[in-house]
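Chains as they are written, first to last, in our numbering: chain L, 1 to 233; chain X, 1 to 233; chain V, 1 to 233; chain R, 1 to 233.
Since the hints were made in silico from the structure, they are not lab data.
Take these hints with a grain of salt, some might be off.
Any copy, or any two copies together, can satisfy a pair, since identical chains are not distinguished.
Once the Cα atoms are required to be at most 30 Å apart in a straight line, the calculated DSBU-like pairs of lysine-lysine come out as [said to hold, decoys possible]:
| no. | residue 1 | residue 2 |
| --- | --- | --- |
| 1 | K73 | K209 |
| 2 | K88 | K224 |
| 3 | K137 | K56 |
| 4 | K157 | K219 |
| 5 | K224 | K75 |
| 6 | K154 | K224 |
| 7 | K157 | K68 |
| 8 | K222 | K137 |
| 9 | K154 | K75 |
| 10 | K73 | K160 |
| 11 | K56 | K157 |
| 12 | K224 | K137 |
| 13 | K73 | K219 |
| 14 | K139 | K222 |
| 15 | K73 | K185 |
| 16 | K222 | K68 |
| 17 | K139 | K224 |
| 18 | K205 | K224 |
| 19 | K160 | K224 |
Number of protein chains: 4
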Amino acid sequence: MGTGYLDQIKQEAFEVNMGIVRERLVVLTWGNASAIDRSSGIFAIKPSGVSYSLLKWQDMVLVDLDGKVIDSKFKPSSDTLTHLEIYKGFNEIGGIVHTHSQWATIWAQASKSIPVLGTTHADHFNGEIPCLPYLNKAKVERAYEQETGLQIVKFFKDQKLNPMQMPSCLLSGHASFTWGSTSQKAFENAIALESCANMAYHSLKLNTKIEFPHHLIQKHYKRKHGANSYYGQ
Amino acid sequence: MGTGYLDQIKQEAFEVNMGIVRERLVVLTWGNASAIDRSSGIFAIKPSGVSYSLLKWQDMVLVDLDGKVIDSKFKPSSDTLTHLEIYKGFNEIGGIVHTHSQWATIWAQASKSIPVLGTTHADHFNGEIPCLPYLNKAKVERAYEQETGLQIVKFFKDQKLNPMQMPSCLLSGHASFTWGSTSQKAFENAIALESCANMAYHSLKLNTKIEFPHHLIQKHYKRKHGANSYYGQ
Amino acid sequence: MGTGYLDQIKQEAFEVNMGIVRERLVVLTWGNASAIDRSSGIFAIKPSGVSYSLLKWQDMVLVDLDGKVIDSKFKPSSDTLTHLEIYKGFNEIGGIVHTHSQWATIWAQASKSIPVLGTTHADHFNGEIPCLPYLNKAKVERAYEQETGLQIVKFFKDQKLNPMQMPSCLLSGHASFTWGSTSQKAFENAIALESCANMAYHSLKLNTKIEFPHHLIQKHYKRKHGANSYYGQ
Amino acid sequence: MGTGYLDQIKQEAFEVNMGIVRERLVVLTWGNASAIDRSSGIFAIKPSGVSYSLLKWQDMVLVDLDGKVIDSKFKPSSDTLTHLEIYKGFNEIGGIVHTHSQWATIWAQASKSIPVLGTTHADHFNGEIPCLPYLNKAKVERAYEQETGLQIVKFFKDQKLNPMQMPSCLLSGHASFTWGSTSQKAFENAIALESCANMAYHSLKLNTKIEFPHHLIQKHYKRKHGANSYYGQ
Chain L
1 MGTGYLDQIK
11 QEAFEVNMGI
21 VRERLVVLTW
31 GNASAIDRSS
41 GIFAIKPSGV
51 SYSLLKWQDM
61 VLVDLDGKVI
71 DSKFKPSSDT
81 LTHLEIYKGF
91 NEIGGIVHTH
101 SQWATIWAQA
111 SKSIPVLGTT
121 HADHFNGEIP
131 CLPYLNKAKV
141 ERAYEQETGL
151 QIVKFFKDQK
161 LNPMQMPSCL
171 LSGHASFTWG
181 STSQKAFENA
191 IALESCANMA
201 YHSLKLNTKI
211 EFPHHLIQKH
221 YKRKHGANSY
231 YGQ
Chain X
1 MGTGYLDQIK
11 QEAFEVNMGI
21 VRERLVVLTW
31 GNASAIDRSS
41 GIFAIKPSGV
51 SYSLLKWQDM
61 VLVDLDGKVI
71 DSKFKPSSDT
81 LTHLEIYKGF
91 NEIGGIVHTH
101 SQWATIWAQA
111 SKSIPVLGTT
121 HADHFNGEIP
131 CLPYLNKAKV
141 ERAYEQETGL
151 QIVKFFKDQK
161 LNPMQMPSCL
171 LSGHASFTWG
181 STSQKAFENA
191 IALESCANMA
201 YHSLKLNTKI
211 EFPHHLIQKH
221 YKRKHGANSY
231 YGQ
Chain V
1 MGTGYLDQIK
11 QEAFEVNMGI
21 VRERLVVLTW
31 GNASAIDRSS
41 GIFAIKPSGV
51 SYSLLKWQDM
61 VLVDLDGKVI
71 DSKFKPSSDT
81 LTHLEIYKGF
91 NEIGGIVHTH
101 SQWATIWAQA
111 SKSIPVLGTT
121 HADHFNGEIP
131 CLPYLNKAKV
141 ERAYEQETGL
151 QIVKFFKDQK
161 LNPMQMPSCL
171 LSGHASFTWG
181 STSQKAFENA
191 IALESCANMA
201 YHSLKLNTKI
211 EFPHHLIQKH
221 YKRKHGANSY
231 YGQ
Chain R
1 MGTGYLDQIK
11 QEAFEVNMGI
21 VRERLVVLTW
31 GNASAIDRSS
41 GIFAIKPSGV
51 SYSLLKWQDM
61 VLVDLDGKVI
71 DSKFKPSSDT
81 LTHLEIYKGF
91 NEIGGIVHTH
101 SQWATIWAQA
111 SKSIPVLGTT
121 HADHFNGEIP
131 CLPYLNKAKV
141 ERAYEQETGL
151 QIVKFFKDQK
161 LNPMQMPSCL
171 LSGHASFTWG
181 STSQKAFENA
191 IALESCANMA
201 YHSLKLNTKI
211 EFPHHLIQKH
221 YKRKHGANSY
231 YGQ
């Protein structure tokens with residue numbers, strides 16, 4: 001059996017990889033995106049070391065959840081094992097975006113979570129966007145990229161965070177991951193993250209004691225998500 | 001009688017909805033614009049859930065001041081009831097723009113009004129741009145979007161603010177609304193708001209004790225507006 | 001005798017008026033540029049109230065140094081009298097640019113001069129870029145735009161500033177004027193001003209006690225200007 | 001023997017000179033790039049005073065390591081002697097980029113080195129990016145551009161910094177130089193510098209006590225550089 005039935009996730013992953021560059025979430029090659037086909041347990045991810053200007057959707061590398069590359073002349077992104085662990089840990093997600101986008105990375109470098117200060121944030125993220133601690137030396141030396149994914153999944157489980165309601169996290173000293181039910185949703189969440197990170201930074205410089213009311217978080221998150229959602233600007 | 005005579009406001013509303021995206025006042029779908037025909041009491045507003053890249057002027061949704069949708073296959077923006085209450089409360093305005101533009105939203109999230117620090121501001125806004133308080137829980141639960149509009153109209157009435165001289169406000173924890181005698185003027189005011197919000201933020205970081213003289217506010221506002229205006233750069 | 005021999009300054013003024021929009025020094029219509037023909041004492045300036053998208057070089061308005069409009073269907077910019085007084089006061093300049101560009105205006109609103117913190121600044125401006133005081137009420141009421149020009153010329157004379165070595169100033173609560181031996185030089189100085197204003201703001205936030213050595217100011221200014229200049233990156 | 005075999009470095013230098021403008025690292029003419037052919041000891045650099053819009057690859061000026069211009073109708077950039085001294089001091093580099101890019105220059109004007117706060121930085125620069133002291137008056141008067149190059153080489157030698165692991169420095173009150181094994185790598189490092197300078201500024205405003213762990217610096221630098229590198233997003 002060929003892999004032709006996986007062309008769709010290759011195309012989806014390609015579109016998002018190009019999108020994060022176009023939206024200036026990626027400088028140089030600092031980012032990558034993937035999309036998964038849950039029925040086969042195979043995801044498509046950016047190849048390693050291919051220039052964006054030459055990239056074709058056919059170049060996306062297929063990888064299964066054991067980390068085996070399927071039918072590709074390219075190596076997958078060096079961050080592949082992080083994507084893999086996130087897919088294994090978060091069963092409902094269909095796509096992942098990793099970027100070093102400026103404002104999200106500014107918070108990650110400061111090792112601080114992004115608080116909810118407004119409805120823009122609450123429309124996408126049901127609470128503060130957590131910043132995970134620095135990965136320790138033993139984990140970095142053992143298997144850096146895999147441990148990064150394992151850390152994310154463990155953190156969400158320990159903190160009882162629902163990855164469908166909090167589709168993003170920051171990694172101290174590193175950058176951001178976002179995800180969603182599809183790779184397109186993951187992309188939109190990456191755009192939302194960058195904008196919210198920017199606005200939160202500056203709002204706190206204007207007013208250090210912002211108290212955004214909980215009922216507005218709930219209202220905005222629920223009008224856009226779940227059974228009774230009705231949002232559409 | 002058909003709605004053909006309303007094509008003009010559909011075209012106007014379309015132009016402004018595209019304009020706020022082009023001018024980067026809107027990220028993702030965080031914004032919408034409308035234009036009203038005062039003779040019929042019908043306004044045209046962005047449809048809900050249609051991608052900008054596919055949007056046509058014909059898709060604009062017509063809504064009357066009772067909130068009834070006229071002859072459309074689309075639902076109107078989820079913020080329609082806010083627009084409606086503003087049109088009902090402010091009789092002289094012809095268009096409304098709502099955006100989560102970065103700098104205006106930074107002030108809204110900080111729950112702070114934007115002071116007049118220069119002639120750029122005074123050319124468009126005759127005084128500080130007010131930031132309204134957070135909407136309370138009861139109002140959010142009763143009818144969030146309608147209450148948002150009612151709050152704006154009540155605030156301007158209570159504060160004796162003339163909406164034609166102060167064509168904008170911020171909503172704490174949310175974003176901005178601007179308006180004008182036409183939807184084009186509302187659009188220009190939204191651009192002016194974003195620029196003034198940006199500059200006010202940084203000017204205050206350079207000098208916390210700015211005292212912009214009242215006679216310059218008056219001069220600039222009046223050379224551009226009203227019976228004796230003569231401005232035109 | 002026709003005004004055909006003045007086509008060149010109309011074209012020059014047009015190019016710079018379009019340039020300041022393209023370089024994003026101008027938001028909406030917040031800016032204008034002019035070029036002067038010194039032999040006839042006539043300058044060309046942006047017409048009032050014509051949209052940039054429709055503007056043609058032929059639309060530039062010719063004005064003489066008595067303020068008389070020559071052969072034009074348009075009114076000149078409402079800031080014309082400011083340009084006129086600057087041309088009368090600074091004999092060697094060939095062009096003037098007025099913009100509310102973001103960073104220059106941020107300093108103007110803060111009512112602060114921009115200090116020399118680096119060679120980028122020193123390449124264009126031989127010292128701190130002065131911010132003039134707020135114009136008083138009597139002058140604003142008498143003849144606002146003319147008094148603005150008179151204030152600039154008087155300030156440079158009182159402070160013994162050479163307008164060819166300091167081709168810019170800020171006006172408290174307002175914005176910036178730049179000039180140069182040609183309108184193209186005035187345009188380049190407006191671009192340099194905006195960049196230096198931006199960088200000075202942020203450098204001072206990193207280090208409040210910057211002491212840029214005087215010998216570097218002199219070296220950079222002189223390698224680019226005057227008899228022994230040799231600069232050219 | 002002609003210089004045709006040097007066409008490649010002229011083309012490379014041209015591409016990078018255009019690239020730094022396109023990437024907005026250069027405002028006006030504030031920057032230049034060069035590429036060297038090590039076998040002949042000749043480098044190609046931007047000509048002085050030619051507008052970018054007219055620049056052709058054939059216009060790049062060839063200069064040998066004695067500073068002699070080879071077969072050119074143009075003068076080389078006024079910063080040529082700085083490039084020359086860097087090429088003489090750092091034997092392994094193939095290209096140099098000098099820009100007054102905004103964020104790098106902000107740090108240079110503040111006379112502060114850029115600390116390592118994250119993996120983005122550590123991927124390109126193995127430690128803090130040093131800011132060298134102001135050049136003293138005697139050196140400025142003797143031979144400003146040459147002394148600038150000599151200062152950089154001496155600083156790296158004194159501090160035992162490996163220019164291949166730290167391919168950039170700032171000059172107090174001036175701007176930045178970056179380099180690399182090729183001019184393309186120098187270009188990428190200039191882009192990385194600007195982004196890291198931006199993010200470091202803001203991260204430190206969020207958290208003044210960032211302690212980025214040393215093991216992450218090492219991991220990131222080594223997965224991208226040297227014998228065991230495997231990075232490729």
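Within, between, both or neither: K73, K185 at alpha-carbon 30 Å: Close inside one copy (29 Å) and across copies (25 Å); limit 30 Å.
Within, between, both or neither: K157, K219 at alpha-carbon 30 Å: So K157 and K219 pass the 30 Å test inside a copy (25 Å) and across (27 Å) alike.
Intra- versus inter-copy proximity for K56 and K137 (alpha-carbon distance at most 30 Å): Cα proximity of K137 and K56: none, with 37 Å in one copy and 50 Å across.
Within, between, both or neither: K139, K224 at alpha-carbon 30 Å: Answer is between: at 18 Å across copies they meet the 30 Å cutoff, but 38 Å inside does not.
Identical-chain pair category, K205 with K224, by Cα at 30 Å: within (29 Å within a copy, 33 Å between copies)
K73 and K209: within-copy, between-copy, both or neither at 30 Å Cα: neither (54 Å within a copy, 45 Å between copies)
Status of K75 relative to K224 across identical chains (alpha carbons, at most 30 Å): between (38 Å within a copy, 15 Å between copies)
Up to 30 Å CA-CA - K224 versus K88, copy category: Result: close both inside a copy and across copies, 26 Å intra and 27 Å inter.
Alpha-carbon proximity between K154 and K224, which holds within one copy, between copies, both or neither at 30 Å: both (27 Å within a copy, 27 Å between copies)
Intra- versus inter-copy proximity for K222 and K139 (alpha-carbon distance at most 30 Å): Between. Shortest inter-copy distance 16 Å satisfies the 30 Å Cα cut-off; intra-copy 38 Å does not.
Identical-chain pair category, K157 with K68, by Cα at 30 Å: within (26 Å within a copy, 46 Å between copies)
Same-copy or cross-copy closeness of K73 to K160 [CA-CA at most 30 Å]: neither (40 Å within a copy, 42 Å between copies)
When the structure is compared with the earlier hints, violations turn up for hints 1, 3, 10 and 11 and for no others.
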